[in-house]
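Number of protein chains: 2
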Amino acid sequence: MGNRADTNRQWLLASRPSGEPTMENFEMVETDVPTPGAHEVLVRTLYMSVDPYMRGRMRDAESYAEPWDVGDPMRAGVVGEVVESNHPDFEADDVVTGDLRWADYAVCEGRDLRTVDPDRGPISAALGVLGMPGVTAYFGTTDVAEPTPGDTVVVSAAAGAVGSVVGQIAALSGARVVGIAGADEKVEWLESVGFDAAINYDDGDVSTALEETCPEGVDVYFDNVGGPITDAVWPLLNVRSRVAVCGQIALYNATELPTGPRKLGKLVETRGTVEGFLVRDYEGRWGEALDRLSTWVADGDVQYRENVVEGLENAPEAFLGLFEGTKIGKQLVRVGERSA
Amino acid sequence: MGNRADTNRQWLLASRPSGEPTMENFEMVETDVPTPGAHEVLVRTLYMSVDPYMRGRMRDAESYAEPWDVGDPMRAGVVGEVVESNHPDFEADDVVTGDLRWADYAVCEGRDLRTVDPDRGPISAALGVLGMPGVTAYFGTTDVAEPTPGDTVVVSAAAGAVGSVVGQIAALSGARVVGIAGADEKVEWLESVGFDAAINYDDGDVSTALEETCPEGVDVYFDNVGGPITDAVWPLLNVRSRVAVCGQIALYNATELPTGPRKLGKLVETRGTVEGFLVRDYEGRWGEALDRLSTWVADGDVQYRENVVEGLENAPEAFLGLFEGTKIGKQLVRVGERSA
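The listed protein sequences derive, respectively, from chains A and U.
Letter 65 of the first sequence, counting from 1, is numbered 65 in this note's numbering, and no numbers are missing.
Letter 184 of the second sequence, counting from 1, is numbered 184 in this note's numbering, and no numbers are missing.
Just chain A, with the same shape it has in the complex (with noise of 0.2 Å):
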């Protein structure tokens, strides 16, 4: 049981940010290390995930999701190692990931985990493309988005953990992908990696790209963002188009309730469809989702992107620079090293 430090630092929730959240909404606490109870297992964070999602759990409102309560440690994606385990599945310094804490160490239901295994890639990439954020892709896009050869299919967020994922399984089913993101370098990037044209939003009009990028119109719109970005795509949707909705960035931290455009008279003329999704209802068929994934990544058809900021210390600063969209691939935060 070696390897272990005497205290425990992890993040609570301070106060509900009101707006776009700030340091001033955490506060890091040191704690002993918890002990494991029966079929329980004490892991050691060696990587964490900060997701959109989070800003919906720092509020106030019962959403499809339990908000945090002022006060209590946050949670996130963790791959970790095993300290000390009473759970038959699991042993010292197997690694593992679940949904644990902003934390160095988190004891969980031995159930709740999953063990991670080194030879399907890097251990972080079960946060990312072999993680929920690839899997939420996954099935985003077989599932709900359903992209047929020669649709054109529009990405927003497209650089991001799930975005470059949903790109790459469209282009693959036969599509034409064209990636929305906020930089000239994620745009190199998709287009290296299969997308077959991508948008820097902040380089000039987005609706006159989209329409230049997309002659045909647009088949399939996987959105990410919502917003104002949005709102370009939607003239352009095709008769019998579908849209899947994934997240909205873009309105997480509004404080009022954001306003824009008008959008189901044009499901009329387009008879089309727009469904959101929550990955968390395709818990049964996760395995499913991780073979196709892996195998794509170890043939290279999918590639990703990892940005990771050093330290738990730094935490809150990762979160808070997916509102600000400058970074590339999957946000995660390196606590602490492998043992072995």
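Hints in this document: simulated from the structure, not taken from any laboratory.
Do not take every clue at face value.
Given that identical chains are not distinguished, each listed pair holds provided it fits within a single copy or across any two copies.
To be verified - Pairs of lysine to any residue residues, derived as SDA-like cross-links and limited to a Cα-Cα distance of at most 25 Å, are as follows: (1) Lys266 - Trp234; (2) Lys266 - Tyr282; (3) Lys327 - Asp196; (4) Lys327 - Ala171.
Chain U: place on chain A using the hints.
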């Protein structure tokens, strides 16, 4: 070939409306009664229909239908009597229906007409419950909204030609049905024909009334209006709810792109679906709908009302009244009398 007048009155689109249409947008002219060519039929109008979709045709923008040209005759669903037929399926005095004109007489290809069976009900019903609005309600309910027993179904413009049939079909399927309409008289009528509850949107706050009448939220919303009424329904949408978008009459007279609360984020929370549809996509299944509808009407399971304006000269007024929302049921114009 008797019973034919010397001249044919018909309405032209005199100018395109900006905002709400006015009488100045219409011009009546008198011409000779047309003569049918090969395969054509001359029809004398008995009833013509005015419908919200016509507002879209008056606009100079291609939507799901070609716009009407300024100076051209206006088109309408018509029930009429055959005066002269060069088509083997029709002979003089047959009652037929088709997409004809705002006119006393019109000529069209025989293949574009359907025979109206007077034994199935009043011939005017071929423009309402046994015509386009009824068939729209049928497919919008059974194929798009798909209410199941126990669902709470909300219908906007519930006392209209489409909404009143939607609600009654949904009630037949075992759902709990709540209608939204604009007059106490409409509320009373809806509650007398199988709606479990109805709300007068002019009588207090719609959101509050919806919360009271939908204590378990909304599983299906059939939207005929858009705008603020739809905004009031949105927060009550349940997990896996479906929205069928049939029309958006609240927006048809807008001169600028209307804005309102952004609606897509709610769909992630609910994993909900919004789908627009057009009845013309169901052309091949029209007979199925008419069989079901005429049985329901004959059995008293689906009731309907008509509001009849007398005289072709009053057709524009009848059309303009659609946007006031004061009438119950299908809006018709009686243009001529049956000759038999």
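Hints, verified against the model:
1. Lys266 - Trp234: both (8 Å within a copy, 18 Å between copies)
2. Lys266 - Tyr282: between (30 Å within a copy, 19 Å between copies)
3. Lys327 - Asp196: within (21 Å within a copy, 53 Å between copies)
4. Lys327 - Ala171: Result: close within a single copy only, 23 Å intra versus 52 Å inter.
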